[in-house]
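Could you build all of it, start to finish, from the sequences and the hints given here?
The listed protein sequences derive, respectively, from chains A and B. Sequential numbering from 62 applies to the first sequence in our numbering. Sequential numbering from 62 applies to the second sequence in our numbering.
It is possible that part of the hints are untrue.
Each pair may be met inside one copy or between any two copies, as identical chains are not told apart.
Listed next, the in silico SDA-like pairs over lysine to any residue satisfying Cα-Cα at most 25 Å (straight line) [what the hints assert, rightly or not]:
(1) 189 with 467
(2) 189 with 118
(3) 189 with 465
(4) 189 with 606
(5) 189 with 464
Simulated from the structure, these hints should not be mistaken for lab results.
Protein chains: 2
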Amino acid sequence: MTTVLRAALGVDFGSESARALLVDVATGRELGSAVSPFAHGVIEDRLPETGTPLPPDWALQDPDDYVASMGAAVHEALRSSGVDAASIVGVGIDFTACTMLPTTSDGTPLCRLPELRAEPHAWVKLWKHHAAQPEADRINTLAAARGETWLPRYGGRTSSEWFLAKSLQILDEAPAIYAAADRLIEAADWIVWQLTGVETRNSCTAGYKAQWSRRDGFPDPGFLGALDPRFADLVDTRMSRDIRALGERAGELTQAAARWTGLRPGTPVAIANVDAHVSVPAVGVTTPGQLVAVMGTSTCHLALSADERVVPGACGVVEDGIIPGLFGHEAGQAAVGDLFGWWARSLAGGERGDLGTLHAQLEADAARLRPGETGLVALDWWNGNRSILVDADLTGALLGTTLATRPADIYRALLEATVYGTRVIVETLETAGVPIEGIVACGGLPFQNRLLMQLTADITGRIVRVSASRQAPALGSAMFGAVAAGAAAGGYDTITDAAARMAHLGPDVYLPSTADRGAWDEGYAIYRELHDSMAAQGSVMRRLRASQVRARVAAGARTGATGGAA
Amino acid sequence: MTTVLRAALGVDFGSESARALLVDVATGRELGSAVSPFAHGVIEDRLPETGTPLPPDWALQDPDDYVASMGAAVHEALRSSGVDAASIVGVGIDFTACTMLPTTSDGTPLCRLPELRAEPHAWVKLWKHHAAQPEADRINTLAAARGETWLPRYGGRTSSEWFLAKSLQILDEAPAIYAAADRLIEAADWIVWQLTGVETRNSCTAGYKAQWSRRDGFPDPGFLGALDPRFADLVDTRMSRDIRALGERAGELTQAAARWTGLRPGTPVAIANVDAHVSVPAVGVTTPGQLVAVMGTSTCHLALSADERVVPGACGVVEDGIIPGLFGHEAGQAAVGDLFGWWARSLAGGERGDLGTLHAQLEADAARLRPGETGLVALDWWNGNRSILVDADLTGALLGTTLATRPADIYRALLEATVYGTRVIVETLETAGVPIEGIVACGGLPFQNRLLMQLTADITGRIVRVSASRQAPALGSAMFGAVAAGAAAGGYDTITDAAARMAHLGPDVYLPSTADRGAWDEGYAIYRELHDSMAAQGSVMRRLRASQVRARVAAGARTGATGGAA
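Shown next, in the form of structure tokens:
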């Protein structure tokens with residue numbers, strides 16, 4: 062009997078490119094992959110073609126780039142791997158979020174219409190578009206005043222990055238665009254629409270980014286109308302109340318999509334997912350008990366619980382948000398790899414080139430030190446605090462410097478600070494009833510910085526394991542593609558079944574040091590004291606920030622011009 | 062009528078070298094100078110010849126280096142300037158302090174005796190010898206318990222660098238050396254003894270470094286004997302109760318000293334002085350109202366008052382300590398140029414070479430920013446806090462960092478922090494009744510960093526002027542040499558007269574910005590809040606330090622091996 066290859070395709074849409082990965086359904090073996098950068102990248106200064114200038118803090122994309130890059134990446138992955146399109150049982154995709162756009166009722170992006178091409182609000186707002194802060198502030202104030210029951214599920218505060226704020230900004234600043242938008246939709250769902258011809262909405266982005274829950278649905282029209290009477294119809298007219306759970310099949314590849322992807326028409330396509338969240342099954346986590354840390358420039362933490370647990374200061378809890386049938390929790394740290402990179406760049410005179418050698422040297426020197434030996438403690442808030450304080454205005458701190466402090470001491474203090482921040486999140490989750498017995502890391506950092514992994518084990522007191530795959534999101538998407546196919550069609554019936562065969566952990570296991578336990582508890586207590594005192598209302602850190610804002614106004618500089626991203 | 066040149070010689074003994082400066086008595090014009098490094102420099106690892114190893118934190122010198130270097134420097138200054146030794150009306154010297162040594166009754170250093178050459182305690186203890194901390198702790202504890210009236214004059218705490226602690230360490234660790242020491246004497250007074258053949262003691266070192274006052278004398282034998290019965294005779298037997306005011310004549314150059322200096326026998330020699338304190342008249346300050354800031358790796362602040370004022374947290378108040386007839390106040394900041402150098406070295410990968418270009422670039426970038434614009438605040442305690450907290454265990458801090466923070470932002474924050482620290486000292490002096498109407502800066506930094514000078518004016522709200530001379534200590538010593546001669550012999554009768562003719566300020570005057578006054582008051586309030594909270598007992602900074610000490614013990618590392626100097 063010859064073994065017939067059954068492959069699944071996962072496509073991971075990042076901030077700069079689309080990555081296609083072909084995976085052996087039976088074993089999870091990676092058969093081939095390709096990356097295609099978006100032609101227009103992140104649009105921050107002016108629109109393509111018309112040259113319309115963009116205000117500060119904007120970040121747009123061209124949806125046609127998604128189609129073009131996915132097509133190019135899939136073609137190249139098929140070509141280079143030699144995999145036959147006929148052997149592909151299903152397709153899954155994941156996307157950054159909230160990355161959203163306005164379209165007509167047939168899914169045509171408004172920015173594709175010639176008469177709206179020069180209108181910034183007609184384009185895709187990328188996750189890091191930060192210009193909707195006034196709208197987020199209004200949403201938070203009103204929700205708190207009305208005691209909206211969904212607010213506590215998001216740590217008491219929604220973000221300017223999310224769906225309601227971005228939609229409300231369109232209405233505020235370009236009511237004609239809002240009126241013309243038959244649909245406001247996540248790019249994740251939009252690309253699935255392009256693949257299948259069917260409009261669907263996934264439970265992950267609906268829950269984490271648009272305050273939807275299976276029990277209560279979206280924020281109600283009364284709330285939306287109180288923000289602006291014209292906003293009352295947002296959900297009923299421009300979104301959808303039909304939210305599909307992860308693991309479902311969205312539809313099958315259309316003839317047109319088969320042409321631009323090089324795949325077979327009729328290939329099953331999974332409901333869309335988010336890059337971080339799809340990594341959870343990709344590292345084999347499908348039941349409560351493990352914290353999945355997606356570690357890169359920032360870190361996203363994901364965990365599961367069997368019933369709803371409200372976690373103070375987390376980014377959200379969503380039923381079916383990560384694994385169907387479970388409640389998924391998200392938390393995050395806004396600067397992790399970015400923080401270590403900041404220090405390396407500072408030392409290298411602001412260079413942005415390859416700093417790998419410098420990082421390696423700093424890590425080697427830092428690894429020789431024992432807990433507490435640097436005499437330093439840092440607060441890792443170089444880009445604000447996402448969890449558990451949910452405050453972009455907080456800033457970094459470093460304490461304990463002497464003339465004998467070396468760059469590697471500071472590097473180690475920064476590593477430790479991010480892990481202390483992780484421990485705050487772990488303890489907050491556990492206190493809220495979300496069990497965290499161990500940690501599984503994926504993303505780029507775990508493969509670059511062994512010291513960081515060991516510190517994570519030591520400081521949190523948890524065993525840390527690392528993903529075998531370096532492209533966990535694309536692998537997770539391929540797994541959901543296999544689930545969209547179903548076992549009868551050569552895939553799997555559940556993501557748990559898929560994970561059992563396709564997800565793998567790497568050989569490295571980081572065990573927490575028992576000898577250093579006391580020293581780390583002491584270090585954490587010091588971090589926590591500084592954390593709580595600086596986070597307090599009226600703290601010296603908050604006074605300092607307010608003073609800076611006044612100074613910038615006085616200097617005539619636009620606020621935020623040189624500050625950390627919100 | 063031909064003008065006959067009358068010159069005065071000042072010799073400034075630093076940590077590494079002796080500098081000779083010839084000055085025109087009539088005008089203060091500098092006629093020539095020369096520097097001669099000490100052959101053995103600072104002895105920190107092992108003794109010369111015998112190779113006896115030294116424990117950590119020791120810093121010794123060879124007194125014969127002082128004689129050799131002064132001889133070489135004076136010869137060279139005479140030769141290169143063409144000044145005739147016959148035209149020199151007087152000689153003054155200044156020294157680091159407390160730099161002290163044990164001698165026989167004729168002034169022979171014990172380390173010069175062959176049988177004691179291998180004994181570390183027989184050598185000169187340089188000011189930065191920090192191994193007498195246990196003795197300083199005993200002195201402070203006992204003085205506080207006994208309510209010694211001299212203790213408040215020193216901010217409530219004496220230093221391990223000072224005379225009593227260093228003497229007590231000799232007794233503790235080498236009682237035979239203590240017994241053999243007919244004299245324990247400041248190197249400043251010892252070199253004057255070598256020049257004149259007469260043993261004298263100056264009021265500056267006696268007051269600031271050995272807790273002497275004109276009213277009460279030294280700590281009494283009852284106190285000294287309570288430290289150790291054998292220590293009761295320290296003052297009566299091994300020191301002197303005959304303390305001579307600055308400005309007096311110690312004696313005249315002996316035949317022997319004339320040979321090794323190349324000067325005329327009989328040349329008047331002034332009572333010894335200290336490098337920082339002698340700078341005060343050298344910048345023209347001989348009456349109350351100005352703060353003299355000697356700014357280098359660290360900064361020493363000196364001010365005058367007409368009557369005794371006890372200043373909390375200052376380093377000392379001494380009658381006749383700076384200008385005869387006035388009370389002199391000393392305060393200090395332990396890391397100033399050292400702090401900026403630390404940052405530049407960190408950025409330059411630990412290099413210790415010429416960082417002038419880097420400093421200049423950082424200063425230029427930092428100068429473009431407005432008050433508060435960095436969003437940063439630092440505590441300048443990289444080498445502890447000398448005034449007004451008198452605590453070597455305090456460490457540095459930096460608050461407000463973001464991913465957008467640049468090296469120049471941090472550089473500026475460090476500059477600002479040192480000036481905020483200066484403002485704390487200024488306000489403490491004024492509150493205690495020592496008037497500070499303006500600031501006069503000397504030392505190396507004022508000539509290197511104009512931004513620092515402007516910040517000093519802006520943040521303290523005082524006009525800042527800068528010494529004309531770049532070698533203020535040697536100039537001040539020359540002025541005291543002229544006073545030792547007296548007006549009848551071609552010099553001056555008082556240091557005030559000498560200063561009126563010989564001291565000059567440079568052309569640059571830094572006026573405080575009135576427009577920025579509010580912004581700086583706000584910045585200072587933030588600094589002061591952080592200052593007070595971190596200085597408090599049980600603060601997170603103190604917990605952190607204690608934790609580091611425990612970690613070092615656990616690591617088996619010797620305490621202090623990598624920490625800041627005490």
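Outcome of the hint check:
In this homomeric assembly, residue 189 and residue 467 come within 25 Å of each other (Cα to Cα) only across copies, at 22 Å, whereas the closest approach inside a single copy is 34 Å. In this assembly of identical chains, the alpha carbons of residue 189 and residue 118 lie at most 25 Å apart only when taken from the same copy (8 Å versus 53 Å across copies). When the C-alpha separation of residue 189 and residue 465 is checked against a cutoff of 25 Å, the pair qualifies only between copies, where the shortest distance is 16 Å, while the shortest distance within a copy is 39 Å. With identical chains, the CA atoms of residue 189 and residue 606 are at most 25 Å apart within one copy only, with a shortest distance of 22 Å there and 39 Å across copies.
Proximity of residue 189 and residue 464 under a CA criterion of 25 Å is satisfied inter-copy only: 15 Å between copies versus 39 Å inside one chain copy.
Figure legend: structure checked against the earlier numbered hints; every hint is met.
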